[in-house]
Each structure stands twice: as structure tokens, then as C-alpha cells.
Amino acid sequence: MNTDSPDTSKQKSDSVSKPSSLMTRMELNDHKAGMEGLDKAKINQIIYEASKGSKYFENEKKKEEQVKERIEEQKRRMEKITAEQLQHGLKQADGLLSELESLFDLSRYIVHVDMDAFYAAVEMRDNPSLRYKPMAVGGMGMLSTSNYLARKFGVRAAMPGFIGLKLCPNLILVKSNQEKYSAVSKEIRAIMVDYDPNYCPLSLDEAYLDFTDHMKTRETSSDKDRSFLVKNCSVDDESKCMYSTQFSNSSQIEKEMLLICPVCNKPYPPYEVKLFDKDIEDAVNEMRCRIEQRTRLTASAGIAPNMMLAKVCSDKNKPNGQYRIQACRDSIKEFIDDLPIRKISGIGKISEQMLNALGVVKCRDLYQHRSLLYHLYSDISFHYFMRICLGLGSTTVERDSERKSMSTERTFRDMSNPSDLYDKCLELSESLSKDLNEEGLKGKTVTLKIKTSTFEVKTRAQTIPDYIWDQETIYNTCKELLRIEIANAQPKPLTLRLMGKNLLICFSLRILVAAVLAKYPSLI
DNA sequence: GCGGATCAC
DNA sequence: TATGGTGATCCGC
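Residue numbers (UniProt numbering): 1 to 524.
Rather than coming from a laboratory, the hints here were simulated on the basis of the structure.
Since this is a predicted model, take the numbers as computed values, not measurements.
Each residue gets a CB set at the ideal place from its N, CA and C atoms; glycine is no exception.
Don't take each hint at face value.
Computed beta-carbon distance windows for the label pairs [claimed, not checked]:
hint, residue 1, residue 2, range
1, 24, 523, 50 to 60 Å
2, 487, 148, 49 to 59 Å
3, 177, 430, 23 to 33 Å
4, 485, 69, 20 to 30 Å
5, 91, 522, 57 to 67 Å
6, 364, 487, 27 to 37 Å
7, 177, 99, 40 to 50 Å
8, 485, 52, 23 to 33 Å
9, 398, 99, 19 to 29 Å
Produce the complete structure using the sequences and hints provided.
Given below as C-alpha cells:
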């Protein structure tokens, strides 16, 4: 027994234990919109009380320790860097920066569109009794999104439902309805096509668009082309409910007139014709209005010369707003300099901590500390950081290329009986094989993923000589990998809460057909 | 090629 | 009572 350790028996009078300041991982995410002015300390206390002692929590503590060790290791490496090396790093960095500088292209209008609290908004639209009440989509296990009222209590996406209920006892949980969200997404995308036929969807509720070509045709467009029916109603004298329909389509107008405004609960009309201007702000505004007309859901948007900046902008005036960065170096510099690095897509909670430890908090700090970053990070990461601090991003909006992998995984009640585990393994093999078959895909690297009852995650892969997709080969390969893991756990049983499978794709029937048809068009 | 980690949604 | 699923990428072997 270590007599130096604090005597915990003396602390039992403390009825409330304090969340450890070291447990950054468990704290409330507040880097996104809708989180202003809440009592963070109180919320974190509730999250901590609800989580502490659980297996999940214990595993998070372990991971937190590992991150701390990584930061220590980073510090040790930093201290070894000499003044001379720093001088060299500075030269390298400045060389790269001037190279990157020449890549700047300010000629494009890149737009990022993001639906506001998408799943929650759909559910509120379809069930008026949910309006003005805190609600979230998901179950006791996990929430996929919450409405803005629930966010005021700290209820967020990726939070388990039971914690959401602790934060907000009146929270209403609504089951997720993916098919419905997909259908709404399809309606939204049908509008996006009018502004950029090559738009790039990121998820059901998010997309990048390149408005550049549209802006050229817009210059010569007639007023009629830019006229849409818009319904205005003032609600609580602030948020405006806009309802619009395309002016040219009179039969549609009559159909829409029968609808009830979801916010003011009055029937349409009255409505008015709104003429949108030829500039980019009005073009994006027009698109958002049309989305709202079609779906009765609001979107936010960011307008910038590249994708990285557009993405940050769309968050700025959320919900139901838009923000534009002017396409000039000074505006970009002013915007990026003060921006916290965590706002950049790709810099998550861990990278933020690692960089903060070096004194890098805002994007301008990436530039200030460029020499240090040159020495501490890989070429790829360093390159990425330098692009960020310049405000440089991709200007080519393109659809995702072909998928590189396909996977399936399930969480279940703790399971240790080997025959149950093999059953689960077979089940997942069937599922993955079916999905591969539907898309005509094959691969040669099979990966088994397991998560133990203590939340420890492991993956075990095997590459086989042939391209495969069939259930038997997937099962036989994974069965062997699983057998080894069960054996390695001996004499203890292997107790799992999740199992998954993944196949790296090497062959796509669809691509093959496309290639053959391209070569022999007569086959069509 | 493998396994762990991180990130986004 | 109770902390997801899918796809991608990077790093260090």
C-alpha cells in the first residue's frame, strides 16, 4: 500500500465529486453552432455524474492518458530542436508557403450548404406537437441530432439518449427514419442541380456546389428566371418564415396555396413574388428559399473562393443564414487569422489538443509556429497546416470517386460463448456479402473488427490471393481470425460487445462495364 | 500489408 | 440498464 497516496476515506463527506479537468474527452462539444451561453460547467458535471464508473468511462480515461503521453512525447521532441534546425525549418516553410501562394485561385464561387438540425427539423415538420419542445432523433443508445431547443440544455449529436434525458428531463426522443430523410434529401438535391449539376454531396444534409458557371448564365438571365413566390410571415418578430414557389408554374402555386405555414400556422397565401438579384448572395439566397419552399426546412450556406473556407462560413450564420468571404487575399487573411483551428474540417479534438500544447490555438498561430510544425509533423500534416494558415483550399468540386472499402458492424449485449460469437460472425459475413453483391464489388483484404466488453477495439486483417465477395470465403477468413483471438484471450473468455467486417475493394463490376461500354459503344 | 488512431457525419 | 455505424486517411511499423 502506498502511504503517500491521498486518503480517500477523508473525502467521503464530499457528496458531489468534481469532473476531472483531465477528462477533456468526455466534455461537451461546443465547437458547433447553437451552443452559445450555456452553463458548461453544470452540463459537464451532469455528463460526468452519468458516466463515471462505467466501462465506457474507464476506457475513455485510458485513452485520455495515451493522448497525454503523446503530448509529452511531442514536448520532448520539441525540446531537442536546435536553433539551427529552427532556422532551417523557417526556410523550408517559407519556401513551401510561397509555392502554395502561387496556387491561389480567387475566381470561383464555392458554396457549402448545410441543412439546419436536419433529422430533427424533418420530424418537427411532420409532427407539429414537437414544435417548441426540446427533442432529439435517436434512442436511449445514441442520438443522431437534436433541435435547437434541446441544444440549449447541452443535448447534442453523438450523445447517448440517457445522458440527454439527464440534461433535459423533458427531452422527447424520436426514432430515426432514414428512408424519410433520404427522400427529403433527394428533393433538396433536385434543386441543387439547377445551380451546379456536378454538386458534391457530403451526406444527406450537406453538399458543396460550384456556382461559378451558374453566375455566368445568371448574368444574361431574365427577371422571370429569377422570380419566385415567397411567403413572408413574421414570427416572434425575428425569424422569418419564407415560403416560395416557382413563379412560372401556376398549377404548382395552386397546390401550394392549400398548405399551412408551419411556423405561424396560417394558411398560404398570402404570398408575394420576389425577384432575386444577379449577384452571388442573392443566387444562394434564392437556392435556400427554394429548398425551404419545397421541403419547409431551412438551410444555411457559406460562400467563399474555396471549399475549406466555404465550409467554415456555412457555420457562421446558422441557422437559416449565410455568410460570404469576399474573394480577396486581405478578406481571407482577416477571416482566417482569428479562426480557432478546431473550426477547420479535419482538425478534431485530439489534433486540437496536440496543437494547443504547442501554443497553436488560432489559425494564425500555424503560421507563427511554422518552423516548429515543420520539425514535429509529417510532410503531409505540415503541408495541410500551411494551406490552412494561408486560407488555401480546393476549388474543384467533384463527386466522390469509387468506394475503397465496404463494411458492416453491430453492437450487441456482451457475448462470450464461442459458438454465439461464430454465429454472429456468420451473420455479418452474410450481410457484407449481400451488400458487396448489390454493388458488384470484390476485394482481397478481409478485416475482422472486435470491441471487447471493456471497449477495447482491435482489428485483424488478412489479404488473400483472389478477388472475392462470397459469404463462404469471408466467413472462413474471419472465423480463423476470430479463433486466434479467442485462443489468445485464454484462459479468460473473449467477451465482446461489437463485431464488424470490412473488405478493401479491388474490383468494381460497374466500372468494368463502364470501361467496356466506353471502348465498344456499339454494345449499347 | 497490418494495426492503431483520428476524423467527419 | 445504458455510449452507434460507415467510410476515409495517416502514421509507424
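| query | What hints, given by number in increasing order, does this structure fail? | reply | Violated hint (a single one): 6; every other hint is consistent with the structure.
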